[in-house]
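Heads up: the protein sequence lines correspond to chains D, S, L and W, in order.
Sequential numbering of the first sequence, starting at 54, is according to this note's numbering.
Sequential numbering of the second sequence, starting at 5, is according to this note's numbering.
Sequential numbering of the third sequence, starting at 1068, is according to this note's numbering.
Sequential numbering of the fourth sequence, starting at 48, is according to this note's numbering.
Take these hints with a grain of salt, some might be off.
[Said to hold, decoys possible] Subject to a maximum C-alpha distance of 20 Å in a straight line, what follows is the list of computed EDC-like cross-link-like pairs (lysine to aspartate or glutamate):
no. : chain 1 : residue 1 : chain 2 : residue 2
1   : W       : 346       : W       : 440
2   : D       : 240       : L       : 1238
3   : D       : 362       : D       : 372
4   : D       : 362       : S       : 97
5   : W       : 303       : S       : 97
6   : L       : 1079      : L       : 1221
7   : D       : 362       : L       : 1159
8   : W       : 109       : D       : 372
9   : D       : 240       : L       : 1280
10  : W       : 258       : D       : 87
[Claimed, not checked] Anything over 12 Å on all C-beta distances counts as not near chain S; from chain W, calculated:
no. : residue
11  : 250
12  : 290
13  : 380
Please keep in mind that the hints were generated in silico from the structure rather than gathered at the bench.
The model shown is predicted, which means the values in this text are computed figures rather than measured ones.
Glycine included, C-beta positions come from ideal geometry on N, C-alpha and C.
Chain by chain, the residues:
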Amino acid sequence: MRSYIRVIKRASLRHIGYLAFAMFLGVYPLIFRDPYFLYVMINVLLYAFLGEAWNVIGGYAGQCALGHAAFFGLGAYISSLLFIKLGVSPWPGMLIGALVSGGVSVAIGWPCFRLRGAYFALATIAFAEMVRVLFNHWEFVGGAVGLRLPVLGDSLSAFQFRSYLPYYCIISIFFVLSFLLVWKLSKSKTGFYWKAIKSDPDAAESLGIDTTKYKLISMFISSFLVSMGGTFYSQLVLYVDPTSVLVRDLSVRVALVAIVGGMGTIEGPVLGSFMMILLSSLIRARFGDVPGLHLVIFAIILVVMSIYKPQGMMAILEDIKSWIERRRSLGAA
Amino acid sequence: MPPDTALILGVILSGLLMGGVYALVSGGLSLIWGVLKVVNMAHGSFLMLSMYLVYWIWRLTGLDPLLTIPITVALFFLLGICVQKGIIRHILEASLVNQIFVTFGMWMLMNNLALMLWKADFRTVSNPLVSGGLGIMGVRISFPKLVSFGFSILATCAIWLFLQRTKIGIAIRAVAQDRKAAWLMGIDVDRIYEVSFGLGLATVGLAGSLLANFFSVYPYAGDIFHIFALTIVTLGGFGSISGSFIAGLIIGLAEAVSAFINPALKYFVVFGIFLIILLLKPEGLREAL
Amino acid sequence: MALLELVGVTKKFGGLIANKDISLDISRGQIVGLIGPNGAGKTTLFNVITGFHKADDGRVLFNGHEITNFRPHAVCKKGVARTFQIVKVFGEMTVLENVSVGAFNRYNSGEAAKKKALEVLELIQLGADPETRASALTFADQRKLELARALATDPELLLLDEMMAGLNLTEIKEVTNLLRRIRDKGMTLFVVEHVMEAIMPLADRVIVLHFGEKLADGKPSEVARNSAVIEAYLGEEYARGE
Amino acid sequence: MKGKLSTIVVVTVVLSLLVAACAPPTPEKVVETVVVTKVVEKEKPVEVVVTPTPGPEPEVVKIGALYPLSGAGAATGISCRDGVALAVEIINGDYDFDLPLARGKGLPNLGNAQIELSFADHAADPNIGKEEAERLITRENVVALIGPYYSSVADTASTVAERYGIPFVCPDAIAYSLGERGYKWFFRTCASNKVYVEKAYMEMLKDINEKYGLGLKTLGLLNEETLAGKMERDMELALAPEYGYEVVVDITYPEKAPDVSAEVAKIKAANPDVLIQLSYVSDAILFHKQYREQDWLPKVFIVSDAGHSDPAFLEAVGADGNFLLSRVAWAADLAKVKPMIAQVNELFKSRFGREFDERNARSFTGMIVLADAINRAGSTQPEAIRKALLETDIPEKQLITPWGVKFDPATGENILAIDVMAETLDGKWVTVWPFELAPAKIVVPVPSWEER
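Please take these sequences and the hints and turn them into a complete structure.
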């Protein structure tokens, strides 16, 4: 029984954290009314959402996929094209884009999953670069100039708003849904199977797990969500071009957020995004004119973190928590 | 020689010569990947650093890039040892994702540090010792590329001999095959890692001196070479120096020919080849040699 | 009708013939030992049965159904579970989670899997706390955990690859009793083993492999006296010295 | 038990969000809304909000400068930034130049208020551009924005400025589509690509054909695969038939390539009379070395004002860089006619240690025009600045550029911005077209490598 009490006590601490974060999400727009702070938080939440999506394939299924910019770009382009050329509202456009991205990810994932380790990562990088070069020269999508969405002011059906508050609410809801989805998945059969595949693929296969199928499931879910993020981006910025939605930096940033935060944990990407994306916005605001400074600081954190705390921020929090518990139990004893 | 065939021959030749330079850069990456089993995503940035070093030596002392070769090779050999001791040593046991992202971190660090220190301006060595070109029967050959090709052949053979003949070379190949077995045979694996990483960066130092002849340096100069190097090492099979050399020629040729047909999609072709090799024959040419 | 039937199974690695034309059958409820000197092809045969290696020739039948060259997860779905020569537990997951992964083979809901896992843990009497990380277990406990995990997939046939290797005497006795308990619950066991003291008393039947060929197949006592087996194990002089 | 608690958590989140979302639309520093009457594209009228900044004339006027200071466009961004910084230094200080506001400290009509620049780095990313524009307007309380060199960022950042009713002066982005959005607060001092390709390149080629009878008929297009490259190429492809040219080779190449010999071979095979090239500095240098190595040159060689106008290009290729024609906003040889050109160049060299160049000139001029408008407006009230900008009419002799500045109220384009063409003669850019204005005589056709 002793272990079960500890589980409940630990869980409640975790839930207090969730509750606090939920309240923060709700209260933030009331305190920080200024559009700039809203815009920064929108970007932070967008990357928390993307990080959570990548966490599904990178953190849980343990596949180092470095080509998710392709799906982000597909999502952004498909919903924008449907809106500009056919007048289809971005909401259904987003779902169509996400389904197409999911399909493409499975199509490219299936052959790539035969590859092990570094080769899988390299294959995904190559795939994403091919998509970028293709979009850069494809007249229909505007080539290097990209697509400009018409500015229509406030219109829910056109997924466009004059103030940033509705955007904030939408991305918060997106993020909460992705958080719950990953939370549900991690507790389910799929989540266990992912962790097994990540830990030892052969042992997993011998226990009746079709590893390819479950890797494809993780690929589908992660690219589906990342593609939704792409649509949100195109509706927020109202401009889509290959150098902003299809570049390798984006694939790295999406993975980085989850890795620095703590892969394979539900809360990791949130921590990672708040740390890295918020930090880079603040540094850019503070030392705007020193070229490249925020990326240098970014890089130092990444290197130091990956060497000394590979499990990411979550591991640091766990250490702090256990340190507190030890102190408390010492104090009590 | 009818103009068209001369032109095409010229393109093929310059593709091969350029392939030689790519092969040299990839040789270092292949060695590091083969021995340490770490995919060095910062390889391109080291090349950028060596190009800056050559530029500053030329700018401050007027020494021609080709004469800086001994300096860059030596300095980058030492740099390789320091990087291995300082950073790579910690991540040898780490998961693949952590390894890749430490090297991503180093790539980001070096590119942006260069941007902060030397601004983003384009710097070129003007009128180096070797420049211009000559035409034999209408086929144009570029001197800097010819010299670079020569040096990269020399370097590849030197490394190959070093690996085959010398004691350390054999030890490196043993560590590449099976780290634990080599360890049991009394090989100081850590020192071998340092030497291998040092050798890997030494080739990058040499490549920097050669490229400075015809290529301008700026903080992001190394990135494109890095993508080519990844393709070449995969085609050649990591750890195989001769594999990388031949793969370098193939990729150089593919780039030149596809550029002649449709320049816009030449990277599409290169990445296409990369993906196809990965899917069909991940171990690359290594088996074939 | 035999639970497991191998017909002329052959497996070559380049020039080396690991398994040459092996045929055997195992009926339900038996404990069958598979013994033979190192490199006799025992583990290869296991890998062929469970789909980790492709058979070059021959057929594998389970409950009369053809499972030759099925992918490992399909073989497991049919009802054949296995353990590995080198222990392969999921290190970062807890004991309970490890066994639950096996249980998910038959159950979809988290709760049902957890219940099954706890049942199997009761049967195996694994001393460790279900919440501890698998990587923290002792070597013997990790082997038991791997066994529990395989059992949780509700198999009909259990392939054990050198369960006893590296265990001390008391641990061997523990595992032997454990295997008997499992067999008494209706499980069929096909056990690769080197530790003679463990396998001979336990097995109903013993098959001997030598250089990839089936040398003998019969009761442990008969096989022990078979001259070909002795020669294979101990060299000619012992075989003749009867 | 744990499951139930988590559902409570979810409910609180959704509730708090809904409260936040439907909270009364906060006034957001907004007083009255003015609807733009004139709609050019099919877009609905864009509601423009006017932010009042009452209070006495501040002794400091804050202006936001948005440029790419990191990432791919850093080289260009930093030199644009230096141009703006120099203009502000001249305005704030007391310099005996013919430039407006040079003499006397700061902005006289605002009690000699000093201009203060707050820089922001958009790293050529439209999303960051939008975020930084938000910050400059709402946190730094700038009265106007200048920048951002990249047309994609200009699109998103000027949309933000339009929403707040803050003047957005764009001295360097070339996309003509920027002027066709019917924005009230967007002003562009430089020529768009539609203007300079037609008014500068095509007209000059027509004059050359007439005056020198070279019979130029075939055209070669060589552009990097970036936004600027594609826009220029589309414009050239559209106008070529109108001016009677046949496009024999049309290459879009991946920028910053390690090797371009194949591309040059392809051009050499097509052998166009005229080649129009838009390249980044590193590619411009690589291509030029290849032209020499493959011993090929067109009869007339037009280079767009990008990599070739960066001093690093001429420094790297030396004499090989002669006889190139480029549109210029800055020609040192006009210093004889306009002394201040030399004065500005000297001051720039003393501050930044390198020659004043094209991009410095464009952003410098943009800043002068903006400061002049604020001064004439006599207040930092956005609407007043906007009116002053619309009334801007600065003749060419009061600016360092060969063209004056006067804005078209509908599009915000500078109608006087017709670039002159200059040619590199013994290592320096010399104005050669329009012929009647040009101090130096154009050298066409381009001498072959042997004749040099």
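Evaluation of the provided hints:
This hinted pair does not check out: residue 346 (chain W) and residue 440 (chain W) have alpha carbons roughly 39 Å apart, beyond 20 Å. Distance check on the hinted pair: residue 240 (chain D) and residue 1238 (chain L) sit about 34 Å apart at the alpha-carbon level, beyond 20 Å; violated. About 11 Å separates the Cα atoms of residue 362 (chain D) and residue 372 (chain D), which keeps this hinted pair within 20 Å; it holds. Restraint check: the Cα-Cα separation between residue 362 (chain D) and residue 97 (chain S) comes to about 13 Å, which is no more than 20 Å; the hinted pair holds.
Simply put, residue 303 (chain W) and residue 97 (chain S) have alpha-carbon atoms about 36 Å apart, too far for the 20 Å limit, and the pair is violated. The hinted pair formed by residue 1079 (chain L) and residue 1221 (chain L) fails the criterion: a straight-line CA distance of about 32 Å is larger than 20 Å. Taking the CA atoms of residue 362 (chain D) and residue 1159 (chain L), the gap is about 16 Å. The hint holds against a cut of 20 Å. As the CA atoms of residue 109 (chain W) and residue 372 (chain D) are separated by approximately 47 Å, the hinted pair breaks the 20 Å bound.
Taking the CA atoms of residue 240 (chain D) and residue 1280 (chain L), the gap is near 47 Å; set against the 20 Å cutoff, the hint is violated. With a C-alpha separation of about 61 Å, the suggested pair residue 258 (chain W) and residue 87 (chain D) falls outside the 20 Å cut-off, and the hint is violated. With a closest Cβ-Cβ approach of about 29 Å to chain S, residue 250 (chain W) is found to remain outside the 12 Å limit, as its non-interface label requires. In this structure residue 290 (chain W) is separated from chain S by more than 12 Å, as the shortest Cβ-Cβ distance comes to about 25 Å.
In this structure residue 380 (chain W) is separated from chain S by more than 12 Å, as the shortest Cβ-Cβ distance comes to about 23 Å.
Hint compliance for this structure: hints 1, 2, 5, 6, 8, 9 and 10 are not met, and every other hint is.
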